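Participant: Sequence:
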Amino acid sequence: MRIENHDNVTALYPIHQKFQAKFVSFNGYQMPLHYTSGMLNEHIFTRNHCSLFDVSHMGQLIISGENVINEFEKLIPAEISNLNNNHSIYSVLTNINGGVIDDLIVTRNLESIRLVINAANKKQVIEYLTTHLNNCSIVEMTDYSLIAIQGPLSEKVLSNYITGHENLNFMTGMNAQIGNKEIYVSRSGYTGEDGFEISISNKLVIDFVDELLKNDNIQLAGLGSRDSLRIEAGLCLYGNELTNRVTPVEAKISWIISKNQSTNHFPGSEIIFDQLKNKSKKIRRGIICDGNFIVRKDTDILNINGENIGIVTSGCFSPILNRSIAMAFIDRKYTNDQQKVYFKIRGKIREAKMTNLPFVPHKYVYAKEKAS
1393 MRIENHDNVT
1403 ALYPIHQKFQ
1413 AKFVSFNGYQ
1423 MPLHYTSGML
1433 NEHIFTRNHC
1443 SLFDVSHMGQ
1453 LIISGENVIN
1463 EFEKLIPAEI
1473 SNLNNNHSIY
1483 SVLTNINGGV
1493 IDDLIVTRNL
1503 ESIRLVINAA
1513 NKKQVIEYLT
1523 THLNNCSIVE
1533 MTDYSLIAIQ
1543 GPLSEKVLSN
1553 YITGHENLNF
1563 MTGMNAQIGN
1573 KEIYVSRSGY
1583 TGEDGFEISI
1593 SNKLVIDFVD
1603 ELLKNDNIQL
1613 AGLGSRDSLR
1623 IEAGLCLYGN
1633 ELTNRVTPVE
1643 AKISWIISKN
1653 QSTNHFPGSE
1663 IIFDQLKNKS
1673 KKIRRGIICD
1683 GNFIVRKDTD
1693 ILNINGENIG
1703 IVTSGCFSPI
1713 LNRSIAMAFI
1723 DRKYTNDQQK
1733 VYFKIRGKIR
1743 EAKMTNLPFV
1753 PHKYVYAKEK
1763 AS
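According to our numbering, the residues represented by the sequence shown are 1393 to 1764, in order.
Hints were generated in silico from the structure; no laboratory data involved. Careful: at least some of the hints might be erroneous.
[What the hints assert, rightly or not] No farther apart than 25 Å at their CA atoms in a straight line, the calculated lysine to aspartate or glutamate pairs in the DMTMM-like style are these: (1) K1736 <-> E1662; (2) K1745 <-> D1692; (3) K1669 <-> E1471; (4) K1740 <-> E1699; (5) K1515 <-> D1682; (6) K1673 <-> D1690.
Source: prediction; values computed, not measured.
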């Protein structure tokens, strides 16, 4: 469905209208930026309770074929052949220069893989996969919505509607039933909080969300708070921390790269493994600012001598830290923890310091926590 300005809308558009969303055009979709309570309230509510985000603008793909696992492993710096059924990993598609075509969630199913890809890159990624995957079928799940329920009360809220999700660990999933209809639930998300992402038929999603919102412990949240939550969690956004000119090593997500040298056939592998061995020239770092100013994307970072040593990729006010924070690419020579850096904002020099990421600790649920 499209509206007057030719943007697409998700199946939850009537819900967004009902709750008086402030809309923004985002990657070809009219999406809620925030609702009447505002971004700050949505951010804090997510950290303390849980919020529901409509992320149906993202692409959901099912890829199948006789050798789909082996074929797909040729395109990413990770191994998925050793993944259990319904287990997921975070990974990237790389180009021949080691840059990132897209970052994605890969889920292993019995005879297929499921991908969640970025809205901005959907067309490009589908074309790329069609060209590079031999004898594989690629199906975009356009009849399905994707919602994210994020926050410490997510498990409790969902327990009124489904069962079994409480046994999931971070980055694992399962098929579940709503009435006699099947949905797919994974314990994952983009806020640093415990939470779940649910793939659900467009025909079911409005009624399901209506039911969820009858619970006082959950409310709707938009793209604005989703962005500030992911910045606090130190998570990358494609187009900011990740681009086709930024490698996983530079983005400081080298943990996604398999150390098994037999996998170094993926595009750009020689460049990436060289950076792992000899270090990249720049690296992603966190920055905590002094004062109440907000540092925006593309702001230059200076050292004490006024020399340009980096550039900001994302910035916001952190409601949890009550400070302005940012992520940036910094020349590796200047990346000592607590080192002071400077910005020129509106003609004034502002001071900040580098810090490790994330700004706010992750609260993902793992098996050892369940056993304790």
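Participant: Does each hint fit the structure? Answer for all of them.
Facilitator: How the hints compare with the structure:
no.: 1; hint: K1736 <-> E1662; verdict: 38 Å, violated
no.: 2; hint: K1745 <-> D1692; verdict: 14 Å, holds
no.: 3; hint: K1669 <-> E1471; verdict: 20 Å, holds
no.: 4; hint: K1740 <-> E1699; verdict: 16 Å, holds
no.: 5; hint: K1515 <-> D1682; verdict: 41 Å, violated
no.: 6; hint: K1673 <-> D1690; verdict: 18 Å, holds
In terms of the numbered hints stated before, the structure departs from hints 1 and 5, listed from lowest to highest.
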